[in-house]
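Novice: Here is how the chains run, residue by residue.
2 protein chains.
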Amino acid sequence: MASSSSLTLSQALLTRAISINGYENSVSIPAFSGLKSTTTAPRIITNRSSYSLRHVIRASVAETIDTTTDSSLVDKSVNTIRFLAIDAVEKAKSGHPGLPMGCAPMSHILYDEIMRYNPKNPYWFNRDRFVLSAGHGCMLQYALLHLAGYDSVREEDLMSFRQWGSKTPGHPENFETPGVEVTTGPLGQGIANAVGLALAEKHLAARFNKPGNEIVDHYTYSILGDGCQMEGLSHEVCSLAGHWGLGKLIAFYDDNHISIDGDTEIAFTENVDKRFEALGWHVIWVKNGNTGYDEIRAAIREAKAVTDKPTLIKVTTTIGYGSPNKANSYSVHGAALGEKEVEATRSNLGWPYAPFQVPEDVKSHWSRHTPEGAAHEADWNAKFTAYEKMYPEEAAELKSIISGELPAGWEKALPTYTPESPGDATRNLSQQCLNALAKVVPGFLGGSADLASSNMTLLKSFGDFQKATPEERNLRFGVREHGMGAICNGIALHSPGFIPYCATFFVFTDYMRAAMRISALSEAGVIYVMTHDSIGLGEDGPTHQPVEHISSFRAMPNIMMFRPADGNETAGAYKIAVTKRNTPSVLALSRQKLPHLPGTSIENVEKGGYTISDNSTGNKPDVILIGTGSELEIAAQAAEVLRKEGKTVRVVSFVCWELFDEQSDAYKESVLPSDVSARVSIEAGSTFGWGKIVGGKGKSIGIDSFGASAPAGKLYKEFGITIEAMVEAAKSLI
Amino acid sequence: MASSSSLTLSQALLTRAISINGYENSVSIPAFSGLKSTTTAPRIITNRSSYSLRHVIRASVAETIDTTTDSSLVDKSVNTIRFLAIDAVEKAKSGHPGLPMGCAPMSHILYDEIMRYNPKNPYWFNRDRFVLSAGHGCMLQYALLHLAGYDSVREEDLMSFRQWGSKTPGHPENFETPGVEVTTGPLGQGIANAVGLALAEKHLAARFNKPGNEIVDHYTYSILGDGCQMEGLSHEVCSLAGHWGLGKLIAFYDDNHISIDGDTEIAFTENVDKRFEALGWHVIWVKNGNTGYDEIRAAIREAKAVTDKPTLIKVTTTIGYGSPNKANSYSVHGAALGEKEVEATRSNLGWPYAPFQVPEDVKSHWSRHTPEGAAHEADWNAKFTAYEKMYPEEAAELKSIISGELPAGWEKALPTYTPESPGDATRNLSQQCLNALAKVVPGFLGGSADLASSNMTLLKSFGDFQKATPEERNLRFGVREHGMGAICNGIALHSPGFIPYCATFFVFTDYMRAAMRISALSEAGVIYVMTHDSIGLGEDGPTHQPVEHISSFRAMPNIMMFRPADGNETAGAYKIAVTKRNTPSVLALSRQKLPHLPGTSIENVEKGGYTISDNSTGNKPDVILIGTGSELEIAAQAAEVLRKEGKTVRVVSFVCWELFDEQSDAYKESVLPSDVSARVSIEAGSTFGWGKIVGGKGKSIGIDSFGASAPAGKLYKEFGITIEAMVEAAKSLI
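Taken in sequence, the protein lines are chains A and B.
Under the working numbering, the first residue of the first sequence carries the number 100, and numbering increases by one thereafter.
Under the working numbering, the first residue of the second sequence carries the number 100, and numbering increases by one thereafter.
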């Protein structure tokens, strides 16, 4: 990797992030030079000394929180947040005003007094992360980003809330709105992402921090509601957060007793405090979340002081606070207040301002975050320059993780095979790739949902990431597939160079599908290592045998579904999965041993579908046999039988449909000539979708029922996934 | 419903269950007449008075548990269970011996001393239910069923463990093995099913029991392991079980500190006891689960005495107990012990018997369960006869739930519509069906995952099922989609006449897909009411807009994916969903208003795909336009445009692909003539799979990317789901 100054690094990151997100021109690069400093002495960076003083206090991670701001100004600022949300929802005639009105106080304190960020570079590496797990309340976050000076949310963006092409969609989306870290809305995903973000920080801090230079040092904050609490996903990840002792994760539980169907009494009466204590969290209760600013401040102070446990701050609030007729009721959760109630709320809270108007003193109060943020980043850049001088190797690794630039030649580490190499299960071949990649890719880490020894996912050069050994890279997720996927989304979105992988049996993607869809939607390049990919797993039976899963991922947008047939195809799949950082990958891998086939290659996997053998000429074989994964071998053997009978046969590997779709028409025609309608596919899974490949006159051999419990060989025979079946189907078409 | 005596009812049930499961001839009907009794006085039913005495004590639900059985015989029986598991796994060379070896004591006590069941009629209504949530340990359950005298698990079945066509598959499957209540293996599903079973009992007991005649009165027992505890699913359902106060649910937590990846210390260090207390459970710890029989007995006694809370009995055990070299290690979890270690275990536990041999005194000890079980059922039949005389209406309702026979003419309650009926969203039309069905179908009940007012699923004639009002039928699941689906599986499998429905936004099937797959596999006819079925939901954006979901369920075996277009199709979908009790249904329903289309009908929905309008003759239209759900209207309007231009156009509704697949070739040809290749489909979802319907030359209009946040009308336009697009596509093919 080319050497660069820390300033260049920072700018490069910003530029990269902007281009990744297709968000151009509106994020300006701050003038670092004017702010750069290599000392830690207090500096006056605005004309309001109290703020600059606080800046310095925070910059040195002191635990003293300044509360000198006039509390009436805080009130005003909090009400500004409330009314920006009310007004935007009212204009859109849809949205969720209740949460922003209730959570404005805690979030005001977070964004205005606690968090370190640079609004003009939302991707500054060492920023504190904030995740609104209760994503429906997104107007809260948009209001905060707007006040804090993020260019992504200007007044016109607030006014186009929930409209086509706006930066302010109905739920927070990282790929639309710089300043939004992850994509939330489906409940529980956000707190899981926050656990992943906090894990990433803890890992990097342990790996890279040096005495006197804590180059990695930031917090992860999240707000979650009753809905997030009810989702099993949140239980999985909060259990892990407690287990891992993620001390810099601070979650605010918006305890408002209201969910869509009414009072939480109808379905949610557990003791949340006690449950979180059981999970190993530190728990604090703020009884007055509506106006108890000092209580909130004290809670955060206490949370930061507890460094070996994550903290849950239960903040009791009133949903829709300020609305005289709708507060504390489900009616304020997910609908506009209505003109009359907006007026009543304005009157009730004494708010004389026009819709979307930010009072001048509030504006002025928040304006300091732009220079302060630039100063934070400049300080950190200086720190990084010093770090780089003292620890060039570590700095290079960290830079790779921060920037996403992989070390030159990384792909050469991938193993290659010949037909003479000893045959093996693709899950074992996958393990060779994982271990090779972990040696050369600094941000490569991952693990399994308690199936490491079956999925073959242990990194042999590393130990376990645990509370006391967070510098290690084997993640132990326990039997928590959904949490695993969602945590990996958080890791992937922490820094572009993080490449998390996670593993379970392919059939159990059903447990984690919601997280996988968020990977695809939020452009988180997680690698899903899914072994035991068919009835070939044998005796465990139909509960453990995937059938429809390959089809179901082929149907999902922006996710690559790979089913490699042997060593070269497995390595090829990893090569693309590592390269394509904005698209997650699923690798379906065999439990059973497979041979290395002549004709496969790492390079050709990039085409998605390609010919591995052909005895025809003129692009006109008698028949095309198509296979994937463990059945490509069957296609190859069926071809041999047919060729011995004088037929011309092409064998095609369809390892990744999405990549084939991206190829030119000419290439597609060279693999699947439109004149050749005699096509037979074979795959030990649902035939659903294969019609597109084999065409109206082709045949698909597959399994359109559930599997059964028996040895694998017996199952293949009984379900008709055989050379004989393929030969017969081919002959019926020639 | 025809009147029948309770004896006939019982026999009818048995016969039905047998034919449902395709399991014939090996379950014999006990000679009820010889055992029938209308008194509650003690009766001698075996030649061993201590057992018959205990029978009577248990039959009257006394809490005294007989512990007079010679403890050395208990040891022997427990070791029999252990060795049946060891031997079967050894013979299969695959399986999980560790759990059966550790859980043999608690399960012996359950099946031999506590539970009431009739081994010769596994479907006797008032039996206690047992669910092995840690389903990989299925040899435990097979050994118990074998000893207890179930004809489904004979010695030869044990010897064909995990083989093709056996009654003893690799995980417990209700559709293969009478005596197994539900299908487990995917972790957490079993305890969730158990919550559903216990809910069903509590509901029926509250609805039907009368002073002096507790006609519904049974317990639900479950064994769950560390894996189940880690899954978020178990958290969701255990929170609900506590909320609902399911006092007759008793769960044993096999606390063995080992999971597949090693000691639970690596990923699972939460305080389970404290967590369950927080969830509102009664918690008991049995410290010596390996040999502490009296501790286990006392714990069960205590659990039964707590009637307002479910109980978790944490039983600390040693996985693989008895194996001198593998006990207490992950190596005994999921692999055969190996010949040498089997011998060492035989020697260690002093076991001189041959593989699969049940010692005579153990056999004799267990033999009493056949007559005792018959007596339990006969007693209950007598009780039911008395009940029927006093409460004929209630008895008829209960019978319908027990037998699955729906009241004659139930389907007439479904609403019908004409094109003149006011247009409405199919979610609202669905609510009309739900309310109509709940009035005529006694076992119809259900609810939503905190979206009742959006899914439109409230039953207006009923209140909420809550701790104090369990006779009601609106279930409030909270934001727990996965738990909701899995609980409904338990309800559906409690009794054939239970028809549970459950609801959320269609996109959130991603959270509950694992439970839905178990519905399909285990033939649980749950009705999934999935509203907001496309980008038509509008502003909530891509996190809430399903795209690939329709395809992903069309690919799943044994589940019917309906997408009704209007009122008649919605009613038609419900008619089939209610009728087909062994196949779950998914109904994708619109948020937006739709017209009632000419040509749709309740009856035609049964065909899956059918013509709603056609101006062609001779089965040769110029073009066939195909739509589903909210887009059928677009197809109909596009047809009008084309017809005005002189084209002959057929419009086809493809409301359920699975049903169309079942039709005759002649019928299919009458709808989609092979000569007509000009076909255009439209659906606001992934086009994946449509190739099969429109053929190689047809076109599919759909959405193969994620949606966006904007008003619905704008989204339809921007994504090209329009009349114009359909007309243009049609013209390009004519």
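Because the hints were derived from the structure by calculation, they are not lab data.
Incorrect hints may appear among the rest.
Just so you know, same-sequence chains aren't split out, so a pair can sit in one copy or run between any two.
Simulated crosslink set (EDC-like; lysine to aspartate or glutamate; CA at most 20 Å straight-line) [unchecked claim]:
no., residue 1, residue 2
1, K462, E189
2, K462, E364
3, K798, D721
4, K192, E823
5, K488, E519
6, K309, E376
7, K566, E364
8, K566, D362
9, K813, E376
10, K706, E570
11, K175, E442
12, K791, E757
13, K798, E761
14, K403, E739
15, K190, E487
16, K413, D393
17, K791, D803
18, K511, D563
19, K413, E519
20, K791, D760
21, K798, E768
22, K791, D774
23, K175, D760
Since this is a predicted model, take the numbers as computed values, not measurements.
Novice: Does each hint hold? Answer for all of them.
Specialist: Evaluated hints:
Proximity of K462 to E189 under the C-alpha cut-off of 20 Å is found in neither arrangement, the shortest distances being 22 Å within a copy and 74 Å between copies. Proximity of K462 and E364 under a CA criterion of 20 Å is satisfied in neither setting, with 40 Å inside one chain copy and 51 Å between copies. Taking CA atoms no more than 20 Å apart as the test, K798 paired with D721 passes inside one copy only; the shortest distance there is 14 Å, against 27 Å between copies. In this assembly of identical chains, the alpha carbons of K192 and E823 never lie at most 20 Å apart, being 62 Å within a copy and 29 Å across copies at closest.
Proximity of K488 to E519 under the C-alpha cut-off of 20 Å is found in neither arrangement, the shortest distances being 48 Å within a copy and 80 Å between copies. For the homomeric pair K309 and E376, neither the shortest alpha-carbon distance inside one copy (32 Å) nor that between copies (43 Å) is at most 20 Å. Proximity of K566 to E364 under the C-alpha cut-off of 20 Å is restricted to the inter-copy arrangement: shortest distance 11 Å between copies versus 36 Å within a copy. For a Cα distance limit of 20 Å, the shortest separation of K566 from D362 across copies, 16 Å, qualifies, whereas the shortest one inside one copy, 38 Å, does not.
In this assembly of identical chains, the alpha carbons of K813 and E376 never lie at most 20 Å apart, being 50 Å within a copy and 48 Å across copies at closest. In the homo-oligomer, the alpha carbons of K706 and E570 never lie at most 20 Å apart, since the shortest distance is 37 Å inside one protomer and 60 Å across protomers. When the C-alpha separation of K175 and E442 is checked against a cutoff of 20 Å, the pair qualifies only within one copy, where the shortest distance is 17 Å, while the shortest distance between copies is 79 Å. In this assembly of identical chains, the alpha carbons of K791 and E757 lie at most 20 Å apart whether taken from the same copy (13 Å) or from different copies (19 Å).
Proximity of K798 and E761 under a CA criterion of 20 Å is satisfied inter-copy only: 19 Å between copies versus 24 Å inside one chain copy. Within a single copy, K403 and E739 get their C-alpha atoms no closer than 68 Å, and across copies no closer than 67 Å, so neither meets the 20 Å cut-off. For a Cα distance limit of 20 Å, the shortest separation of K190 from E487 qualifies neither inside one copy, at 50 Å, nor across copies, at 62 Å. Proximity of K413 to D393 under the C-alpha cut-off of 20 Å is restricted to the intra-copy arrangement: shortest distance 15 Å within a copy versus 43 Å between copies.
Taking identical chains as interchangeable, the C-alpha atoms of K791 and D803 lie at most 20 Å apart whether they share a chain (17 Å) or sit on different chains (14 Å). For the homomeric pair K511 and D563, neither the shortest alpha-carbon distance inside one copy (26 Å) nor that between copies (63 Å) is at most 20 Å. With identical chains, the CA atoms of K413 and E519 are never at most 20 Å apart, being 62 Å at best within one copy and 53 Å at best between copies. Taking the shortest Cα distances, K791 and D760 sit within 20 Å of each other both inside one copy (11 Å) and across copies (18 Å).
Taking the closest pair of Cα atoms, K798 and E768 come within 20 Å of each other both inside a single copy (19 Å) and across two copies (19 Å). Taking CA atoms no more than 20 Å apart as the test, K791 paired with D774 passes in both settings, with 15 Å inside one copy and 19 Å between copies. In the homo-oligomer, the alpha carbons of K175 and D760 never lie at most 20 Å apart, since the shortest distance is 54 Å inside one protomer and 64 Å across protomers.
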